[in-house]
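Undergrad: Single-letter residue listing:
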Amino acid sequence: MIAILDYGSGNLRSAERAFATSGLDVVVTSDRDVALNAKGLVVPGVGAFAACMNGLNAVGGAEIIRERITNERPVLGICIGMQILFSHGTEHSENAPLAGVGIWDGEVSLLEAPILPHMGWNSVESDAQTVLFQGIENESFYFVHSYAAKKAVGKAQSWTKHGEKFVSAVEDGYVSATQFHPEKSGDAGLAFIKNWTKSI
Amino acid sequence: MTLSVRIIACLDVTDGRVVKGVNFTNLVDAGDPVEMAALYGTEGVDELTFLDISASVIGRETTLDVVRRTAEQVFIPLTVGGGIRSVEDVDRLLRAGADKVSINTAAIERPELIAEIADKFGSQVLVLSVDARRARTESGFEVTTHGGREGTGIDALAWTEKACALGVGEILLNSMDADGTRAGYDIGMITAIRSVTKTPLIASGGAGALEDFAAAIDAGADALLAASVFHFGIHRIGDVKTYLNTHNYPVRMSVTR
Numbered sequence: 001m002i003a004i005l006d007y008g009s010g011n012l013r014s015a016e017r018a019f020a021t022s023g024l025d026v027v028v029t030s031d032r033d034v035a036l037n038a039k040g041l042v043v044p045g046v047g048a049f050a051a052c053m054n055g056l057n058a059v060g061g062a063e064i065i066r067e068r069i070t071n072e073r074p075v076l077g078i079c080i081g082m083q084i085l086f087s088h089g090t091e092h093s094e095n096a097p098l099a100g101v102g103i104w105d106g107e108v109s110l111l112e113a114p115i116l117p118h119m120g121w122n123s124v125e126s127d128a129q130t131v132l133f134q135g136i137e138n139e140s141f142y143f144v145h146s147y148a149a150k151k152a153v154g155k156a157q158s159w160t161k162h163g164e165k166f167v168s169a170v171e172d173g174y175v176s177a178t179q180f181h182p183e184k185s186g187d188a189g190l191a192f193i194k195n196w197t198k199s200i
Numbered sequence: 001m002t003l004s005v006r007i008i009a010c011l012d013v014t015d016g017r018v019v020k021g022v023n024f025t026n027l028v029d030a031g032d033p034v035e036m037a038a039l040y041g042t043e044g045v046d047e048l049t050f051l052d053i054s055a056s057v058i059g060r061e062t063t064l065d066v067v068r069r070t071a072e073q074v075f076i077p078l079t080v081g082g083g084i085r086s087v088e089d090v091d092r093l094l095r096a097g098a099d100k101v102s103i104n105t106a107a108i109e110r111p112e113l114i115a116e117i118a119d120k121f122g123s124q125v126l127v128l129s130v131d132a133r134r135a136r137t138e139s140g141f142e143v144t145t146h147g148g149r150e151g152t153g154i155d156a157l158a159w160t161e162k163a164c165a166l167g168v169g170e171i172l173l174n175s176m177d178a179d180g181t182r183a184g185y186d187i188g189m190i191t192a193i194r195s196v197t198k199t200p201l202i203a204s205g206g207a208g209a210l211e212d213f214a215a216a217i218d219a220g221a222d223a224l225l226a227a228s229v230f231h232f233g234i235h236r237i238g239d240v241k242t243y244l245n246t247h248n249y250p251v252r253m254s255v256t257r
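As you go down the protein sequences, you meet chains A and B in turn. Heads up: the first sequence begins at 1 in the numbering used here, then just goes up one per residue. Heads up: the second sequence begins at 1 in the numbering used here, then just goes up one per residue.
A few of these clues could be false.
To be verified - One-sided and incomplete, this derived list gives chain A residues near chain B with beta-carbon spacing under 10 Å: (1) Asn11; (2) Leu24; (3) Ala58; (4) Asn95; (5) Leu98; (6) Gly102; (7) Asp105; (8) Pro114; (9) Lys155; (10) Gln157; (11) Tyr174; (12) Pro182.
Unchecked claim - Anything over 10 Å on all C-beta distances counts as not near chain B; from chain A, calculated: (13) Arg17; (14) Gly23; (15) Asn54; (16) His88; (17) Thr160; (18) Glu183.
By construction, these hints were calculated from the structure, which means they are not laboratory data. For each residue, glycine too, the CB sits at the ideal point set by N, CA and C.
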């Protein structure tokens with residue numbers, strides 16, 4: 001079973017439907033035990049970094065994520081759900097970065113680009129070791145964000161450019177993350193989800 | 001690695017049916033919204049927009065159901081506009097499966113609504129629909145409400161700048177003069193709005209020939225919305241994308257798997 005962590009963020013219904021296309025059971029939940037014990041945990045997220053961290057803390061989400069990784073149980077962060085896995089973010093708080101969950105040491109900061117948010121379909125350049133992009137190496141995925149991580153973390157990274165290069169996906173053992181929305185990226189996104197559910 | 005220009009199909013929905021008119025009048029039936037959304041999804045459309053033009057509460061409920069059923073089978077971004085007046089209206093649509101909402105009249109009447117929605121859900125959910133026409137305002141473009149039927153005297157450029165500062169994530173620029181005419185996007189209007197904002201800009205109104213789509217990109221549009229040319233089969237989604245791809249514009253081409 002896949003659990004989608006409900007912490008008051010985003011369109012969870014389409015995430016639920018998209019992950020269900022993998023054939024696995026999917027629940028949207030904020031229940032600690034369900035989130036801890038599911039085969040895979042998806043951490044979605046839209047909106048601002050601080051608002052997401054507040055929502056996450058209200059359901060004990062940071063501890064759930066850390067505990068799962070310690071127990072070798074897979075986690076997938078999506079969009080802001082990826083950003084909050086870093087140690088800090090500067091959204092609306094440039095002089096005093098906000099603390100994230102801290103799975104990866106690094107900063108999420110504003111993209112330098114002529115048009116923001118970075119909104120729409122963009123391509124992804126994957127590390128040769130990628131598991132999650134197998135069979136969809138040359139396709140586009142749907143992004144909507146203004147902030148991003150710009151330094152490599154984890155075992156394998158994928159990169160995308162909008163104004164400047166940023167980390168569009170991370171594969172790091174039991175924890176993976178995407179800056180794009182696989183649940184909104186059409187057939188390529190569903191193929192990505194299937195690669196993840198097969199890998200866990 | 002370049003951000004693709006998005007092709008967006010717009011479905012004007014009233015009482016559970018897609019309709020299309022010229023200059024927002026003379027509406028004719030164009031089909032079932034869920035079926036059409038699924039077909040455009042298969043054809044490789046990059047986003048879908050439902051514009052609810054229902055005048056009744058029952059019509060609005062029907063649209064919620066259309067959004068719900070579409071979101072279950074089409075996994076691309078879905079924007080819903082029409083009649084949104086409060087944070088609660090936005091919440092209801094997002095829960096039904098919308099990814100973004102577009103607002104127009106309510107934001108003009110009460111601009112604080114923009115910040116209220118952006119604070120609660122993030123600016124990325126909020127599309128400002130600017131229904132503009134040529135008129136004697138400072139920039140020569142005036143904002144209209146109620147589907148283009150009522151002028152406001154508000155200058156379209158000044159309004160766009162103000163709304164972007166309040167926190168909209170995207171601008172949907174509809175030319176009321178060009179809507180449904182298939183005579184081409186209003187290039188002068190796109191150029192003027194582009195000059196005052198760094199927010200993503202969707203051009204709408206007037207798409208006819210394939211060259212029209214390219215001209216709107218050249219004028220600064222990040223995305224191109226069309227309705228009647230798709231509904232009435234003048235172009236398929238793939239025709240527009242193939243044309244743009246051939247002319248070296250970045251588009252997402254569908255991959256057969």
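Undergrad: May I ask which of the numbered hints given earlier this structure violates, with the numbers listed in increasing order?
TA: 2, 3, 4, 5, 6, 7, 9, 10, 11, 13, 17 and 18
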